[in-house]
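Can you join these two chains into the complex? Each is in its own frame, and there are hints to help.
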Amino acid sequence: MVDIIVCLKQTVDVNQVRPHPETLEPQLGQAPRKISDFDLNALEEALRIKEKHGGRVVAVCVGHDIQQLLIREALAMGADEAYVVSDPRLEKADGLVTAEVLAALIRKVGRWDLILCGEASLDESAYQTGPRLAEIFNIPHITYAVRVELEDSGVKVWKAMEGGIHVVKASLPAVLAVGLEINTPRLPSLLMIRAASKKPIHEVKLSELGLSEEQLTPAVETLQVKALKVERRRITLEGEPEELAQKLAEILVQEGLVKK
Amino acid sequence: MSTILVYSENPHAAAEMLVAARQLAPSLNASTAALHLGSMSEQDLKAYAAGGAELVYHVDGVDAEKHGPACVAEALANVARNVDAVMVLVAATRLGREVAPRTAQRLKTGYAAECVQLEASSDGLVAYRGVLGGTYQAKLLFKRKPYVVSLQTGRYQPEGSGSQPRVEKVSIEITAPQLELVEIARAESAGVDLEKAELIVSVGRGFKKREDLSMAEELAKVIGAELGCSRPIAGDLKWLPEDRHIGLSGKRVKPKLYLALGISGQVQHLVGIRDSKVVIAVNTDSNAPIMSEADYAVVGDIYKVVPLLTENLKKLLGR
Numbered sequence: 001m002v003d004i005i006v007c008l009k010q011t012v013d014v015n016q017v018r019p020h021p022e023t024l025e026p027q028l029g030q031a032p033r034k035i036s037d038f039d040l041n042a043l044e045e046a047l048r049i050k051e052k053h054g055g056r057v058v059a060v061c062v063g064h065d066i067q068q069l070l071i072r073e074a075l076a077m078g079a080d081e082a083y084v085v086s087d088p089r090l091e092k093a094d095g096l097v098t099a100e101v102l103a104a105l106i107r108k109v110g111r112w113d114l115i116l117c118g119e120a121s122l123d124e125s126a127y128q129t130g131p132r133l134a135e136i137f138n139i140p141h142i143t144y145a146v147r148v149e150l151e152d153s154g155v156k157v158w159k160a161m162e163g164g165i166h167v168v169k170a171s172l173p174a175v176l177a178v179g180l181e182i183n184t185p186r187l188p189s190l191l192m193i194r195a196a197s198k199k200p201i202h203e204v205k206l207s208e209l210g211l212s213e214e215q216l217t218p219a220v221e222t223l224q225v226k227a228l229k230v231e232r233r234r235i236t237l238e239g240e241p242e243e244l245a246q247k248l249a250e251i252l253v254q255e256g257l258v259k260k
Numbered sequence: 261m262s263t264i265l266v267y268s269e270n271p272h273a274a275a276e277m278l279v280a281a282r283q284l285a286p287s288l289n290a291s292t293a294a295l296h297l298g299s300m301s302e303q304d305l306k307a308y309a310a311g312g313a314e315l316v317y318h319v320d321g322v323d324a325e326k327h328g329p330a331c332v333a334e335a336l337a338n339v340a341r342n343v344d345a346v347m348v349l350v351a352a353t354r355l356g357r358e359v360a361p362r363t364a365q366r367l368k369t370g371y372a373a374e375c376v377q378l379e380a381s382s383d384g385l386v387a388y389r390g391v392l393g394g395t396y397q398a399k400l401l402f403k404r405k406p407y408v409v410s411l412q413t414g415r416y417q418p419e420g421s422g423s424q425p426r427v428e429k430v431s432i433e434i435t436a437p438q439l440e441l442v443e444i445a446r447a448e449s450a451g452v453d454l455e456k457a458e459l460i461v462s463v464g465r466g467f468k469k470r471e472d473l474s475m476a477e478e479l480a481k482v483i484g485a486e487l488g489c490s491r492p493i494a495g496d497l498k499w500l501p502e503d504r505h506i507g508l509s510g511k512r513v514k515p516k517l518y519l520a521l522g523i524s525g526q527v528q529h530l531v532g533i534r535d536s537k538v539v540i541a542v543n544t545d546s547n548a549p550i551m552s553e554a555d556y557a558v559v560g561d562i563y564k565v566v567p568l569l570t571e572n573l574k575k576l577l578g579r
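Chains as they are written, first to last, in the numbering used here: chain Y, 1 to 260; chain H, 261 to 579.
By construction, these hints were calculated from the structure, which means they are not laboratory data.
Restraint-style ranges between C-beta atoms, simulated for each label pair:
{"#": "1", "chain 1": "Y", "residue 1": "K108", "chain 2": "H", "residue 2": "A445", "range": "35 to 41 Å"}
{"#": "2", "chain 1": "H", "residue 1": "Q303", "chain 2": "Y", "residue 2": "E231", "range": "42 to 48 Å"}
{"#": "3", "chain 1": "Y", "residue 1": "K108", "chain 2": "H", "residue 2": "K469", "range": "48 to 54 Å"}
{"#": "4", "chain 1": "Y", "residue 1": "K205", "chain 2": "H", "residue 2": "K368", "range": "21 to 27 Å"}
With a cut-off of at most 25 Å between alpha-carbon atoms, the simulated PhoX-like pairs for lysine-lysine come out as follows:
{"#": "5", "chain 1": "H", "residue 1": "K574", "chain 2": "Y", "residue 2": "K260"}
{"#": "6", "chain 1": "Y", "residue 1": "K199", "chain 2": "Y", "residue 2": "K108"}
{"#": "7", "chain 1": "Y", "residue 1": "K226", "chain 2": "H", "residue 2": "K537"}
{"#": "8", "chain 1": "Y", "residue 1": "K199", "chain 2": "Y", "residue 2": "K50"}
{"#": "9", "chain 1": "H", "residue 1": "K514", "chain 2": "Y", "residue 2": "K229"}
{"#": "10", "chain 1": "Y", "residue 1": "K259", "chain 2": "H", "residue 2": "K481"}
{"#": "11", "chain 1": "H", "residue 1": "K564", "chain 2": "Y", "residue 2": "K247"}
{"#": "12", "chain 1": "Y", "residue 1": "K247", "chain 2": "H", "residue 2": "K575"}
{"#": "13", "chain 1": "H", "residue 1": "K405", "chain 2": "Y", "residue 2": "K92"}
Looking from chain H toward chain Y, a few residues come up when the C-beta cut is under 7 Å (computed):
{"#": "14", "residue": "P361"}
{"#": "15", "residue": "F402"}
{"#": "16", "residue": "I444"}
{"#": "17", "residue": "Q526"}
As the structure is a computational prediction, the values presented were derived from the model and not from experiment.
Glycine is no exception: its CB is placed at the ideal position from the N, C-alpha and C atoms.
For reference, chain H alone in the conformation it holds in the complex (with noise of 0.2 Å):
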């Protein structure tokens, strides 16, 4: 019987892939099993079991963060060569989506990256995934074995078994190139979680100066909602945290009401707002992307409608 192996650094995404591998399994005639990295805790264990592992192949001489995805690349390409692995499975975080296609490559197959979706079907092996700036999805086939893919957490659930994974320890020597880690320099972050907001105010290039912000804040503070932002904002010009960035490489929000002002709307902004439930855009820009992709499209100035706008729903809301 064949494997399908899973790998990531954050053992409780590697739960949510287990999920998606023991779906799988059955199809693909495969069992599943981990693969971990470096010194593992009874956390590590507990988080292994939840995806309900049976078995975790442990290489303890490498670790992810100090010596680098080529490294980690060729650990688990080494160890789905020896367990004659159908499938790779890696959690598409950014560490992933570096260790994946490498691996790929190592193994000389195809590799589908940030999948949504999959399906054995008789042919092989399906993948969906977003495509064309996330606007559209695309169906693949692999045709070659084994099949490499990193998968978006969040859509599987690990419940947890409660027994204890079997735990194999297998030594790699490690001949890829390494990196060496000097630092790391944690980002400034608001600690917001826009992707549970139900309100977002989101502001872009249409804001000429950072302390023009303070419309928006304002705006943001009288309904409650969280303040968020196109990449600009919080790439080029760093007017906010990365971690209000909304967009195909930043943050994927599901609210209530988005509102965007002077958001031109890049398709890399639109597939990160997609999920909203309703889209009001304020843009002195009548043919702007976003006003074709809005509930209410607001032709106007911002700095003219928004500090109105704020105005009268202070009055409305009694505030």
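Bound-form chain Y, shown alone (with noise of 0.2 Å):
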């Protein structure tokens, strides 16, 4: 029996936003949210393991905007219950601050031997809260889990580094942080979002958390975030694929991208 915590992340669909035209700072406002793709990953091999070794697998979000209906997705895909952190005041918050949150918002849910999270998140990229994480509990962290096996005596991770797959183990309570390689994520059946209506959902207030104004201080602020412009000349061909290959094969020669 393994108890895992997974944390998800919900973030703005980077490939939906467009950046204003004049400021060309992007318009988070107008592009949907959704759960950020590697913890998506995560969830499911959580779900692999509780499925191969019995447990449970509990759904951990913190942010300033947190919806109901992407908690949902994560307990139809098998989560049994959802622990909740939504409060504006996160709007700000960086990576040392959502770290101190969602440690101490794990803490809230009693036993656990493995944290699961996405390598990286879809919108910062940064890679940090896995080893934050690990560093507050004082506990190994692997990144960059490409397949995880678990052992009598702890766990067996496949990590992608530069040169190749370093295979590592570690005792447990562990935290992995996994990327898009190690699996697919399920889609449910009707009959688990069925199911996951009648699951629980823990809404914790960030006051109850016991965290120092300092631990809700952030270190990092962001100043400003700008599109990073590349002109395209966008010019479409179409018609019947005789005429492309040949438009094409003239594009190619007369441009000088290729030599004779």
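Following this line, the structure appears as structure tokens:
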């Protein structure tokens, strides 16, 4: 039996963010939100471990504007329950504050053996939550996990590094931060979606976590976010395959992109 | 005087970090030093000298590969505290990106990951980094010291002062949780340097079978291009080795021509190709994101267009 915590971040869908035409700032309010991609891989991996070894899977989620519907999505995939902190104050949270709040929330959940999270978030790509949580709990962490096997004495993880795969072992409890390669997250069936409506979502107030003012004060402030402009010609070519192939070959030669 | 403490498990990357640190040092009123863990060779010392290091702190008992990132973070945080570091600068290698946030947490401070540029302001350190899939740049201000930063490599050129840095031995008792390294399986590698390729033909999920990649290979051969791919092709499907994967978590390329075949163009992929001079995309879906990020968006079926294109080019180029 293993009890697993899965950290889920709700982010803006970065593929649907458009820059403001003049200020070049991202128009975040206009893009839909989703569970950060790699976090779904973490949830999937937790569910697979549970199916094999038993135990429970608890989703934890903190943020400034948490959407219940996305929590239900995680429960529909198979998480047993969820703990949520949604507080406007977290809008300015940096990695430090996020980790402190998550850790305090995880303490509320009670007993656990493993924390799984995505190796990086879709919007920030900072690769920091896993290592920070592990440091707070003074336990090992393994990032870039592409394969996980539970053993009697701990966990064996295949970790993708620059030169190849490092196979490492850690004792439990531990934090594993997984990437996209580890699995393909399941799509919940209608039955699972219905069952999810009965699963508990525990809403915890930020003030109930006993965090100090210092722990809630970001150490890094975002001054500005701007689109990096790349000007492309955006010429569309349409027609029969023969025409397209002919035209494209001419372009490649005429623009000197390929040489005789 | 305070210190900018630099670390990388790769001394050449550390040398680059030292160059960046030395540029910031005057405005932060700091000196610079490197941290070296484990045994230190002449070559290592030369690399630090090339970065202009005057001082190297040497902790012998800790090995990054053997003991894991938590122990490296413990050593780095301990030395940072001892020397009253104003900033801890780590090269954004895979290990570096694990060590830096853990160090920041140990020092109860902020962290800016994989930065592309740093500058000192009167309010504190300002860091620039890619966000929202890499298509946007964020400007961050540190409100608390020490500043923990990882910086992309390949941006600073160590010149080499030649003079040997002073080495100071530090002994640290490691108490952080260790990992046990079982084995290292070397990756299958294509042995290519896509970052330097002038022409790239790149393949995505539009290819239905592994054998079908031969269409792209044939085209690449005719024009003398390297083969690249989007993440699923190297990751999930393993049709091509990882060093051909282009995107946020793979290679960032800057060819003269980037020819994207059957690639939809998720932002994580687009960030890897943004420095390409000309982007041509072939895709059946005219609404695929890559089509609005291309110089030429060819709406067509790769299975029909690519073989014909190869034939045409063979004629035009006389091959």
